[in-house]
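Dock the two chains into a complex; use the hints.
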Amino acid sequence: MSNHRANVGGWLKGKTVRKSGLTSNAHTARSSTPQVQSTSSTLFSGGVKDASGRTTEYFSMDDQCPVCKSDRYLNPKLRLLVSSCYHKMCESCIDRLFTLGPAPCPICQKVLRKLAFTPQTFEDLTVEKEIAVRRRIAKEFNKRREDFFDLHSYNDYLEEVEDITFNLINDVDIPQTEARILAHRRENAALIELNFQREEQYAQALKEQEELERQEKEQRALELRREQEIEREERETAQREIIDRLETSTKSAAKVIAKSRAEAMKRSSARSTTTTVLRSNAQLLRARAAQSTVVPDPPHVPLQDDWYAYEDLYTVRDQYDDMYSDAVRKDREGIMRAGGYRVEEAWDRALRCAVAELDLAPLSGLNPSSGRTESVVAST
Amino acid sequence: MAADNIAKAANPQTNSSTVKKPLYEGSTQYKSWRYSPEQLEQVRTSLNTAAVAVIRNTFEADEPGSSEDVLFLNANEEQLLVKLYITKIPQLCGHFRFPEEVEATAISYLKRFYLKNTVMDWHPKNVMLTALFLATKTTNNPISLESYTSNIPKTSSSDVLDLEFLVSQSLNFEFAVWHAHRALWGIWLDLQSLPDVSDELRPQDVYDIAIKHVRASRFTDAELIYTPSQIALASLALASPLLAERWADSKAAAGAAQPLSATLDPTLGSVKYIITQMGHPPDVEAVREVDRRLKLCKNPEKVPGSKAYLARQAAEQRRAEEKRNKKAEDVRKAVTEGGNPFGSELNEDEKAKQLAELDDDDDD
Chain A
342 MSNHRANVGG WLKGKTVRKS GLTSNAHTAR SSTPQVQSTS STLFSGGVKD ASGRTTEYFS
402 MDDQCPVCKS DRYLNPKLRL LVSSCYHKMC ESCIDRLFTL GPAPCPICQK VLRKLAFTPQ
462 TFEDLTVEKE IAVRRRIAKE FNKRREDFFD LHSYNDYLEE VEDITFNLIN DVDIPQTEAR
522 ILAHRRENAA LIELNFQREE QYAQALKEQE ELERQEKEQR ALELRREQEI EREERETAQR
582 EIIDRLETST KSAAKVIAKS RAEAMKRSSA RSTTTTVLRS NAQLLRARAA QSTVVPDPPH
642 VPLQDDWYAY EDLYTVRDQY DDMYSDAVRK DREGIMRAGG YRVEEAWDRA LRCAVAELDL
702 APLSGLNPSS GRTESVVAST
Chain B
737 MAADNIAKAA NPQTNSSTVK KPLYEGSTQY KSWRYSPEQL EQVRTSLNTA AVAVIRNTFE
797 ADEPGSSEDV LFLNANEEQL LVKLYITKIP QLCGHFRFPE EVEATAISYL KRFYLKNTVM
857 DWHPKNVMLT ALFLATKTTN NPISLESYTS NIPKTSSSDV LDLEFLVSQS LNFEFAVWHA
917 HRALWGIWLD LQSLPDVSDE LRPQDVYDIA IKHVRASRFT DAELIYTPSQ IALASLALAS
977 PLLAERWADS KAAAGAAQPL SATLDPTLGS VKYIITQMGH PPDVEAVREV DRRLKLCKNP
1037 EKVPGSKAYL ARQAAEQRRA EEKRNKKAED VRKAVTEGGN PFGSELNEDE KAKQLAELDD
1097 DDDD
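Sequence order for the protein chains is A and B. The first sequence begins at 342 in our numbering and counts up one residue at a time. The second sequence begins at 737 in our numbering and counts up one residue at a time.
No lab work stands behind these hints: they were computed from the structure. Take these hints with a grain of salt, some might be off.
Only pairs whose alpha carbons sit at most 30 Å apart, straight line, appear in this in silico DSS-like list of lysine-lysine [to be verified]:
#, chain 1, residue 1, chain 2, residue 2
1, A, 455, A, 480
2, B, 861, B, 1034
3, B, 1069, B, 852
4, A, 671, B, 948
5, B, 890, B, 767
6, B, 873, A, 671
Isolated chain B (complex conformation) (with noise of 0.2 Å):
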């Protein structure tokens, strides 16, 4: 591929031996949350299907027939409601200052924390102000539960609490994000070595609306598809078509086939035009419209205190009791009739089988 003859020409000592390895394609943004446009949008469909055909067995286990009425949301609708609450995030990070690192992480979060779950089972009110705790502490900028929540009208800390293990669950545990601002910030200080950049032709309006249009971009699915670089890049095309060029074609290897600037033209041009048609909240009629709805078609189970979910405990705590009885017959069994209460020596094959019926989660 043309693109990776310039990391291989301007790495001329890496051989056979020992390639070493770009740091980005390290990260877990690289390795696990990077998609395709076509495959988002099967994962939101087969994810919606899913949760439609779930909830509607609930429905049906509680009231035979209940569910027929009831229209569920589609994966189009669940994302616009997605996208209201990302632009909550910019309102509630300037209400308490927060720097541009954690309002950037906790919209990742929220993106990706419904590319696992759907809006149906979990609301986004209570997920945003999860995400946006738990992106204060992972950007090592905490402040205290207290503090947070009584900045936030009608909010208590289980609001916040309750969620925090489960965001971090569907987010597998991946804090670190690559955000597209620090990027833009480093294009924008690298530009001051080029020289046939004078300062007059990078005057802060510039940068002023680039940063703009990454601000944008995070409401769209860009970070999702393209690396931040390339967000940054388009971002400054946007604001300054010259200025862009010139850094892009200062980077490329010399021996190339074709500037840098001509290479990522369609890259760059895809992602411009996300920011530009994508990049604006929500129209608020349309999310209402959705939010009323979600009212009707919430999964029960999810909710404390209706039927569906106190069936829900009911059924999970006689399996633990049934567990625990059959554990407890075990060592009993063990102590009183053979000698050994920890078991006998095994042979290959029982050890084989033992471990296949091994159920060490921790989720009873």
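In isolation and in its complexed conformation, chain A is listed as follows (with noise of 0.2 Å):
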């Protein structure tokens, strides 16, 4: 495998590049350097278009085009493309090599058109070829769990899967491969199909979703801001009050403060008996977690072990005449109880302390046998 990725050279060779996204274009030296922005209708290699516009393209300042070796310092406006076959061309080389119909790509020599060429991602080749044919293959073997009987068949389809990806990625067996996915593509038209539709609906359903939350939040953040408003209001005017009732009253200030203070808390605790409960993000995640699976629930069966506690030579009862529970039995309001204490295991425990091995002979002479058990074996 190894072998297939000797021309990588980046960081394995510590070239390390440094990677210029939006952010960093405030450091840049060469202020005046262009920045290709990508839109949202840029078109990336493997057809596919970011819809929010906010990939970036690869760049580095090292950035030379392998057939004319032009680098940024002579020209500004390098921009590299990529071929379908995974070369990168600066643009003036494609138009000069491509404008006049499909030609064979310069390193090797597979004919290509002009509109062949994107615009890169990544600073590996390699893994847009990667991304390129997992984006494909995702497209045809989209079969999921439910589809096989066991989940032995489920990893060999997958196994299937990965391996028809490897050699896609790595030129092995091509043709192979190809009749391979033509293959699975006749067998399960309809499943695919099916399942396709079913991804759809549930992106959709996701979406919405979404945006009804979206939505909600909103609202609530509307309706938030709205009692902040209503609160300053009602406490510019509670004050207004006072000051007046302090003018006008006979009464002594403190009282007045204090009524006034009263009438303002009634107001706030009807206030937040109105307000509904927001429902947070956790919960809402949650919620939507539990729809979409259902978690069988076999019946509980208790831990049992084999060890003998004597049970069979006491029985405990409710309630006993006993000093050193008092205090505890007698606090009802729970300040002494921790979380799960129960007098009665209290009990259970002395109790089978008191009948454990009663009968168990002591150890006698130098060499005594280790006791009971053994003595049983030998008796029998």
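What follows is the structure, given as structure tokens:
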């Protein structure tokens, strides 16, 4: 596998490239160096359009066109595009070579058209190629776990898919691999269609839900803002009232203030009972997850071990006349009881201790046998 | 054994395929801290003679001929000193208001420690403090080290902490102890379930006397020989023989050859004897004498600052140094000479040899 990647230089050979995205534009020394911005209609390799328009092209100061060897120093507007055979070329070379129609790629002689060139997203071209291959495969091989009898056949299917992908990425047995893809498509056409539809529906549903949530959040934010404003106004009016009352009334200042504060409290408590409870983001996610899968719930089997705990030698009663646990039992408020403490368990432990091995003969002599279990074997 | 039939008859569903093991037999107290009286004596004497030999050698190495006059302690005298410090634990617990479980656990720890170490190496004074501190932690009644040492005069935190690992190691890290006072509590509760025992027959005084006997039993070796339930029953028998007999008989399974009380009589008799004869604090004068002699025959290696201690430390450092150099040498050789710093592939007998030479203990 390492042979295939021998031509990958980059980080393995220690030539680290400073990756500059949108954010580090501010720090580039040459502010006149143009950064190519992608828009939402830029067609990346594999026929992908990034709808958000936020994917930037790969860019490095040491870019050099392998065909004409020009770099950014001489040609600041240098832009390297990638061919469908994954070779890089600058735009001027592409123009020069392919304007008059399809022509062989100068590096590998594969016949290309001008359209076949797309901007680069990743530093490593093998990654680009892999992504394009996987995108293509994922469109066809979209079976899911539920489509198989058992885990084993599902795993076999997955292995087959990975095998095909690997072959395509590393140019191994291309014709046979293509034949396999074709065979799979023909056999499972219906299922592929079905799964495709299902995925689309799911994506749609997800989008709608997110829309709803966003709207809800906006609503809530709006209401919150409104409430805050109302509160502020009320507070101001209350203050003005206090001042008026202090001017006009004859009662003591402290009493007036206390009365108005009590009224303010009443108002705020009345308001808080009417506000709705905000559903947290986590709860929403959980609700969504719960809808999608159904987890079976087998009945609980309590732990069973093979220890004999002398249960038959005693019974625990509900009530004992017991001075040790008096304080705990009288404390019905639960101040003394830690979570999960039951006085019956303490009694159980004491009783067990009282009957444990009452008849165990003590050891005697200098080399005694190890006690009960051995002597049982000996006597039977 | 007739005694086993009780358990078997009471448990009719046990067949040969799934015999359930009694819970107490899974405890470390049963597995490693259970002795016969003869064994106890043997352990103590052998420990004592071995220690005396080692200390004698240390004295000789220091100054030939000095060990002739030194009167080393014998096993009984060590026992006496330990017993004195055992009696000090309840006083301390009363001062701190620790629950009884802490007291009982600490006493157990102290006893067990001196089944593995000798008094001449480690003086019981600090071991007692450490055992008590450890007991508060293992029984879930912890207090901070500062509040502990500040409440005991003339104690610093290092007195307690320095020995903590040693004590834990000597206990083999087996910290859970089954106690007789809990068994007595259980018997007292269970007496209320007996139909023929009315409230007048079990006044509180009987319980008080019985618990006093249990506390006395802690000064003896009873817990190293008998189970806590036996000790508790014996204490109750000393306080009220009638109640003890009634309760024991109620525990017998139907169809046993004789009532349980009769079967247990010899065992209980020995426990009663131990409690009554040996359950009181030792004579202070005798202990003082022992302590005086201990000052002379203490192991100099354990006294920080003495010649032997420093010599021992130097020897250990030298050994560690050698080991380090050897390792560095090996690595250097592997890197420069061979191409495999992690060693080459081993065949079977080389593997075995390397495993035999492997030295992965942590005490250097």
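### Query
Checked against the structure, which of the hints given earlier come out wrong?
3, 5
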